[in-house]
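Join the two chains into one complex using the hints; note that each chain is given alone, in its own frame.
These protein sequences, in sequence, are chains A and B.
For the first sequence, position 8 (counting from the first letter as 1) is numbered 8 according to the UniProt record's numbering, and the numbering increases by one without interruption.
For the second sequence, position 380 (counting from the first letter as 1) is numbered 380 according to the UniProt record's numbering, and the numbering increases by one without interruption.
Treat the hints loosely; a few may be bogus.
Claimed, not checked - Here are some, though not all, of the chain A residues that point toward chain B, as calculated from beta-carbon distances under 8 Å:
#, residue
1, L53
2, S54
3, Y55
4, S61
5, L64
6, I66
7, L71
8, L74
9, G91
10, A119
11, V129
Claimed, not checked - Non-contacting residues of chain A with respect to chain B, defined by C-beta distances greater than 12 Å in every case (computed):
#, residue
12, I7
13, V11
14, I18
15, I24
16, G30
As the list claims (entries may be wrong) - Pair ranges (Cβ atoms, derived):
#, chain 1, residue 1, chain 2, residue 2, range
17, A, F98, B, P510, 44 to 54 Å
18, A, F98, B, F766, 11 to 21 Å
19, B, G718, A, D5, 39 to 49 Å
20, A, I105, B, F766, 28 to 38 Å
21, A, F101, B, H22, 52 to 62 Å
22, B, E204, A, D67, 12 to 22 Å
Quick caveat, the hints were computed from the structure, so don't treat them as lab data.
No experiment lies behind these values; they were computed from the predicted model shown.
Glycine included, every Cβ here is placed at the ideal spot set by N, Cα and C.
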Amino acid sequence: MNINDVILKTVSKAVVLIILTFGIYLFFSGHNHPGGGFIGGLVIASAFVLMFLSYDSETVSEALPIDFKKLSGLGVLLAMSSGIAPMFLGGAFLSQSFGYFDLPIFGKTELATVTIFEAGIALTVIGVVVNIILSISEDE
Amino acid sequence: MYLLILAILVPFFFTAFIPLIHNRVGSIHLGWLVLVVPLVLFSIFVVQVPTISNSDTLMQTVHWIPSLGINFTVYLDGLSLIMALLITGMGALVVLYSIYYLSPSDSFPHFYAYLLLFMGAMLGVVLSDNLLVLYVFWELTSISSFLLIAFWYHRKNSRYGAQKSLLITVFGGLGMLAGFLMLHSMTGTFSIREIVATIGQYPEHALFYPAMFLILLGAFTKSAQFPFHIWLPDAMEAPTPVSAYLHSATMVKAGIYLVARFTPVFGGNAAWFWTVTLVGLVTLFWGAYCAVRQTDLKALLAYSTISQLGLIMSLFGLGSAALHFGDGEQGALYGLAIFAALFHMVNHSTFKGALFMVVGIVDHQVGTRDIRRLGGLMAALPITFTFAVIGSFSMAGLPFLNGFLSKEMFFTASVNAASLPIFGASTWGIVIPIIAWIASVLTFVYCMIFVFRTFFGTPQSKKADRKQVEPTLGMLVSPAILCVFIIGLFFAPNLLGDHLLRPALNGIIPEISGATPHIYAWHGFNTELFMTLGIVIVGSALYLTFRSWIKIFRLQPAGWTFTALYNSFLKNLKRASNWITTHYMTGHLPSYFAYIFMFFILAAGGALIFTGALSIDLTSDSPISVYEGLLTAVMAIAAISILFAKSHLAAVLLNGVLGFSIAIFFVLFRAPDLALTQLVIETVTTVLFLLCFLFLPEWTAEDSSKRTKFRNAFIAIGAGVTITLIGLTVNSGKLFESISGYFENSYELAGGDNIVNAILGDFRAFDTMLESLVLFIAGLGVYTLIRLKLGKGSGKDEHQ
Numbered sequence: 001m002n003i004n005d006v007i008l009k010t011v012s013k014a015v016v017l018i019i020l021t022f023g024i025y026l027f028f029s030g031h032n033h034p035g036g037g038f039i040g041g042l043v044i045a046s047a048f049v050l051m052f053l054s055y056d057s058e059t060v061s062e063a064l065p066i067d068f069k070k071l072s073g074l075g076v077l078l079a080m081s082s083g084i085a086p087m088f089l090g091g092a093f094l095s096q097s098f099g100y101f102d103l104p105i106f107g108k109t110e111l112a113t114v115t116i117f118e119a120g121i122a123l124t125v126i127g128v129v130v131n132i133i134l135s136i137s138e139d140e
Numbered sequence: 001m002y003l004l005i006l007a008i009l010v011p012f013f014f015t016a017f018i019p020l021i022h023n024r025v026g027s028i029h030l031g032w033l034v035l036v037v038p039l040v041l042f043s044i045f046v047v048q049v050p051t052i053s054n055s056d057t058l059m060q061t062v063h064w065i066p067s068l069g070i071n072f073t074v075y076l077d078g079l080s081l082i083m084a085l086l087i088t089g090m091g092a093l094v095v096l097y098s099i100y101y102l103s104p105s106d107s108f109p110h111f112y113a114y115l116l117l118f119m120g121a122m123l124g125v126v127l128s129d130n131l132l133v134l135y136v137f138w139e140l141t142s143i144s145s146f147l148l149i150a151f152w153y154h155r156k157n158s159r160y161g162a163q164k165s166l167l168i169t170v171f172g173g174l175g176m177l178a179g180f181l182m183l184h185s186m187t188g189t190f191s192i193r194e195i196v197a198t199i200g201q202y203p204e205h206a207l208f209y210p211a212m213f214l215i216l217l218g219a220f221t222k223s224a225q226f227p228f229h230i231w232l233p234d235a236m237e238a239p240t241p242v243s244a245y246l247h248s249a250t251m252v253k254a255g256i257y258l259v260a261r262f263t264p265v266f267g268g269n270a271a272w273f274w275t276v277t278l279v280g281l282v283t284l285f286w287g288a289y290c291a292v293r294q295t296d297l298k299a300l301l302a303y304s305t306i307s308q309l310g311l312i313m314s315l316f317g318l319g320s321a322a323l324h325f326g327d328g329e330q331g332a333l334y335g336l337a338i339f340a341a342l343f344h345m346v347n348h349s350t351f352k353g354a355l356f357m358v359v360g361i362v363d364h365q366v367g368t369r370d371i372r373r374l375g376g377l378m379a380a381l382p383i384t385f386t387f388a389v390i391g392s393f394s395m396a397g398l399p400f401l402n403g404f405l406s407k408e409m410f411f412t413a414s415v416n417a418a419s420l421p422i423f424g425a426s427t428w429g430i431v432i433p434i435i436a437w438i439a440s441v442l443t444f445v446y447c448m449i450f451v452f453r454t455f456f457g458t459p460q461s462k463k464a465d466r467k468q469v470e471p472t473l474g475m476l477v478s479p480a481i482l483c484v485f486i487i488g489l490f491f492a493p494n495l496l497g498d499h500l501l502r503p504a505l506n507g508i509i510p511e512i513s514g515a516t517p518h519i520y521a522w523h524g525f526n527t528e529l530f531m532t533l534g535i536v537i538v539g540s541a542l543y544l545t546f547r548s549w550i551k552i553f554r555l556q557p558a559g560w561t562f563t564a565l566y567n568s569f570l571k572n573l574k575r576a577s578n579w580i581t582t583h584y585m586t587g588h589l590p591s592y593f594a595y596i597f598m599f600f601i602l603a604a605g606g607a608l609i610f611t612g613a614l615s616i617d618l619t620s621d622s623p624i625s626v627y628e629g630l631l632t633a634v635m636a637i638a639a640i641s642i643l644f645a646k647s648h649l650a651a652v653l654l655n656g657v658l659g660f661s662i663a664i665f666f667v668l669f670r671a672p673d674l675a676l677t678q679l680v681i682e683t684v685t686t687v688l689f690l691l692c693f694l695f696l697p698e699w700t701a702e703d704s705s706k707r708t709k710f711r712n713a714f715i716a717i718g719a720g721v722t723i724t725l726i727g728l729t730v731n732s733g734k735l736f737e738s739i740s741g742y743f744e745n746s747y748e749l750a751g752g753d754n755i756v757n758a759i760l761g762d763f764r765a766f767d768t769m770l771e772s773l774v775l776f777i778a779g780l781g782v783y784t785l786i787r788l789k790l791g792k793g794s795g796k797d798e799h800q
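For reference, chain B alone in the conformation it holds in the complex (with noise of 0.2 Å):
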């Protein structure tokens, strides 16, 4: 009944498991027991296939707070079924490489239950419906993302790069976060398909082009766009099978599902369509001549996989044309960049999985992953030569392989653009092609860097560290499965086409009945193919040319990258932030108490006199009792003696005396609960106190001049006064009824007599639990806080 949300449930759930498990697995490895989870996944969510194939929707909610709107609601339409797919296969076949990649001194436990963590995370973002879900889940993937890239936390380069993808990604999430309420406060609702449903009504509405704007900066951080692309290189520091599945197939991915998704609430509108395009066009040219530079093959990849996520970035930009039009043969003609945008996106997972998996197999079996290094491995690596063949000439768009269909329909996309006859593309769209083109013949040379340099020329045995032989069959089975699809997708695409992508295309663009695309591999001698001519041609020539260009990569000059900038933005920040706290935390308490003081009076007592909210009016006070007043002579009374005590211990005394007070005035106004407590807090205060004299320096009269007594006193009497006026004024001026009248039919309400209680556990009991979390996050910080001993024996983990 649940099943779709139990399925974003399972990984986390297992998650909670494999600390109880692991110990007992014995010599079974870990691994085999999680590839359970992504194996069962997979097969319900191939189930759905053929419900989802036939337009149908599926959808369930699990009510979590409906009074602000806020439910878990699953929605699986073709879209989301794709990336689910994607997640729950993917991660199959990941789980079971890892089985042979990780070395036996890895952690298993923290690296399953991070990817875990990951895999449930990512399927809730690609099935929420919810906007704020969606959020939670989003930022969920940032951090396993982060602690799978720190893995191997000993590394510098590790915790650099975890921290960086962090910062990155997570800033861009809050920028969304931002979108989300911009949304929300339009259109009244968190749910997608409502928004999608109503936000023809607010073209005009201020918070339109804002909101977009923030959604985009969440798409673009998250999956590596100019210019914040600079996190993904460094995110290469994780295990090769995390980069295959996270940092290419899947997490990356979410920005351009987050994209898709808000088409058609944003796409038909020309800001986005030059945003999207463009900013796609960029990264694709940006990622692909930084690729061809790299000499880690790791680094090369990851480029690419920027530069690919670029095109199928530009891809959804283009085909956001087709909402402008609406349902007729334009519509349709732009839809097709679209449906091109989804099979890529099919594509490059699994022909980035199978080259990451190489690379894995290479670093793996020779020790290096330096192609300067690296040569002649044709011979020795036979197998994984084969899947880098097959991988790399899918990447580079060669015939026979799905990446060349794909390809293909970028170019048909791209050139379809440049005669758009909306949103001045008449004039500018031409560009379009010409990067496309441009940013292939790039990826075509790296392609060819990525196979010949590491597979061909002379072996380099003597510089590599280990025996060269391909390795145990197990680690082959992954990448081979990616194989067969890359090469299966070329000769049945519509399978996939007809299957999957086209309802996928439809909730996209729903009002566009007539996209009803169909994949051809051969179209004739048009463009697009001798587009492809052309950058086999150019691109071979590049490549056999390559040391006498190679120069060009030097003119930019050093420390003009966006990553120098990152970095001494981050010192700066540090260095800022370090002068400013240095300048007001002085250890001195007196000052903290003026700066707290002080800052109090100001604001909520210059908000009492300027919104005019001051007014006294004691005619409907009960009278004062003779306990009354001579408790509050006690209390001031003990409150002024505090100013001349002479040692600690009458202070504390002293101090107790006005906590007891307290209490005892809760005890005439009939609240015997909040007597209670205070009456316990005191004690538990007192028992502090006394644990903290150990500590304290000796009682000495402060020595201060006039002039700070002054101040302090002036500060001190301020601040009284401000809380007797809000005090009193509270309880004079009525601004609105009354709601304690509610509470008092606890008994039918909430089954208990004692209101307090009913109203900490049942009617506000969400106010409850974030309390005690707070309370616990506090009692973890004084722990840590005690236990920290700065200086010796901490950091010998930094530097290496």
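Pulled out of the complex, with its shape left as it was, chain A reads as follows (with noise of 0.2 Å):
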């Protein structure tokens, strides 16, 4: 391990946490404000990769037992039913609706079935990107 690892780890390890609660952020904040699933899903994606870029990826894998293929699949499945759930409820296919709500510590809050289309898509990206350049990197 030279200097510039030991650096490097360091400074990662808080930044990881900024820009994974940025994206965290941004997927919620996409319903007003700039933002989304999309976004959400590389900026979370990319606090990975520079995990997997100042670690090695046996120790993230270890930290973070993760497969992100997985979770890719699951990120469109997500997506496609709750596309197919209204269609029991008498709307069409990826027919969206939202209603306000009073709730104890957020007080009234505005709850969208898009979020949940919108973390499939986030899923979708993460897995994506980081199964990418994660198989990218492997190869010998």
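Here's what the structure looks like:
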């Protein structure tokens, strides 16, 4: 381990936290402000990529036992099933709805089904981006 | 409320659960759990019988893509109910049979997952009213059939058979899709019921005949009609329960179902009448002719299935004449053929299912199904022998079995057709009963071969591999139930006729009210009875003298078969595409860019000029600010510097300058979402570049000739100019009103202030969903390509 690695690892520990927080913020703020599932997913993915860059992939895989291939499949499945569900409630495929609810801590909050769809998109993006970068980096 | 829709979806849901439960079932065979699905579904459909026999129909709709007219509409009438009962009933028997048939080394979860997938898809085909939904399920049946044929995928023949069936049925399916789209452009609807109601307005439409022939192509390939029958014998590589289920009782009847469903659309038309009838008759004859020469019991049954499917198909062709006459005595007379077709469709499922199960038992207990190595099994397998006699004598059309009744009705229909006063049948119609009779004689011969060569004669136990005893009781239950139906339907055919066949008939030829057929076992001494007597006499004589005329099959030159044609087509296709690919896939990236950009310049630039769309109007543009000018200058400098870069790193960094500058442009133009996305994408791309450094060759200056350099510069400038012109044109010309006003109400419509996201997740969510799917597939593709190590270790399964 040389001196550059120490700096990189120490800095990335802090930075990853910031990027992840920012990514999650972007994901939820997307409804009314810039952000959304795609960007949120990309930012979270770039945090993971930074982790893989500064540490080796074995260490990260141990701390983060996620199969990113399955994650991307799960994302597509989630996005699709969020579209199929309204069909059984009389709506068309992928029709979204929203409503305003009084929640204990948040107060009056808007809940929208589009968030489930966006979560599917985000998971797909995270899974695909990390998976591509991992497979290229692990290729001999 | 959505009972029927759920009935279609239940097998799919259960399929998803199989991987989760199969490890937890312990000593219980997975098949017992799977058996619940067809049994429950069967009882759901049986409950509908009283409704349907009152000539009522059921319809349930779930909106899918209403804006495109695609809805998941389930429509249950007599015809779909018959098919649904066959699918679920035969499904239950086959699952039960498979519990005893499969060996412990087979992968049960795969087998039952594929089988349930098929069951759901097939139910979807027969219950869908919407053409596009029907098409999706139709292709799903092809895919599940492919998976089931290749179930023992380590065998070369299984893979060959699976590929052949998939290529042929999907080829037909694509034709059918084109036919469906033509029907839609004619009538403006995808609903079969609405098409039936309005098709009378378009008899002279230019697309009427193309649509008809394309839909028939789908039906003929699926139902293994001549000359597309060649996939069915190779499909026999599937496990025998699959052959009994998909390749004789249900899936191959999808084409027949389609013809029946579309008879009210296209029937009463000479082209439909002759195409369906003649293809059916030729298939009937050719299947029977080929079946006689087979030495493998399953191949014999495969050709006999082809032949019987041809018989049913020709009956639907003959019956379509009824629609020409309309309501009245004549219409009712020819409508009988459709009634006979429906009846024979049910009968064929019973006796052919039983026969396949008999072959499965013989194969399972004796270890071979080659009739040259079989014989004298009557003493060892007396119960199986009884089933074989009942099944094949019914297929031969002998009395006291259901096949006799439908065979007699087939002869009635063919004799009636000979005196048909329309479609030029008065001159050529006589051919129909003659072909029917000859094919029936051959049918009789192969039925006798099936019974007598297998179960009579000298026992050949020395050549057989195993001890020959009856199998466990469980394996005999399913064929026994089918045999009960074979005999029961002879004595009480009108129970089926009144409750199921007549409502189905009324659905196919609705305007003919006089068609109230009744099935009689005894008609007196008429033409049909003498035809049957002739078949028995001539057939017996032919069977007894079999060895002296078998040489006639050698007259057909070897290599003059449709299978040989198919094989050479595949071979040449591979060779041609290999030739083309090696000529343009040179591995030289600059050439690829040259192809792509030249195509782009010609296609996009050409369209821009020839359609006269090119118009540049700069008057209403806002002035260029200092920031924009500076940024453009930075980008231009970076782009030009790339040309003179001396290392990979410099080139990548300069490329990054371009990307980040675009992000700043997005900020200037107040598009924060785009700017954010562009920034993150640039970052991730840079990481990708860094990873790829390892694999890149040394940076060397292209040592290309002046001419090549000039050509490349020309293409590069051309592409840039084309893009610029398109951009300026788009900004200047207003071909239609802007639609962006609609999206500005996103807070009321979608509950979100961010218009970009409201569009992505709500207004145009379908695009987004498909994009994420594309992304997912691309990711899997990258992963597979990198992990795929050609050469060592791969292909060891290839040549077993």
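Okay, the hints, checked on the actual structure:
1. L53: Nearest chain B Cβ about 7 Å off; hint holds.
2. S54: violated, 12 Å
3. Y55: Since chain B brings no Cβ nearer than about 14 Å to Y55 of chain A, farther than 8 Å, the hint is violated.
4. S61: Hint on S61 of chain A: violated, closest Cβ of chain B at ~16 Å, above 8 Å.
5. L64: At about 17 Å, which exceeds the 8 Å cut-off, the nearest Cβ of chain B leaves the hint on L64 of chain A violated.
6. I66: violated, 14 Å
7. L71: violated, 10 Å
8. L74: violated, 10 Å
9. G91: holds, 7 Å
10. A119: At 10 Å from the nearest chain B Cβ, A119 of chain A fails the 8 Å test, so the hint is violated.
11. V129: With a minimum Cβ separation of about 6 Å from chain B (threshold 8 Å), the hint on V129 of chain A holds.
12. I7: The assertion about I7 of chain A holds, with a minimum of 18 Å to chain B.
13. V11: holds, 16 Å
14. I18: Non-interface label on I18 of chain A holds, nearest chain B Cβ at 14 Å vs cutoff 12 Å.
15. I24: Per Cβ check, I24 of chain A is outside 12 Å of chain B; nearest 14 Å; holds.
16. G30: At roughly 5 Å from the nearest Cβ of chain B, G30 of chain A sits no farther out than 12 Å, so the non-interface label is violated.
17. A:F98 with B:P510: 44 to 54 Å: holds, 46 Å
18. A:F98 with B:F766: 11 to 21 Å: holds, 18 Å
19. B:G718 with A:D5: 39 to 49 Å: holds, 48 Å
20. A:I105 with B:F766: 28 to 38 Å: Hint holds: Cβ distance 35 Å, inside 28 to 38 Å.
21. A:F101 with B:H22: 52 to 62 Å: 41 Å Cβ-Cβ, so the 52 to 62 Å window is violated.
22. B:E204 with A:D67: 12 to 22 Å: Cβ of E204 of chain B to Cβ of D67 of chain A: about 60 Å, so the range 12 to 22 Å is violated.
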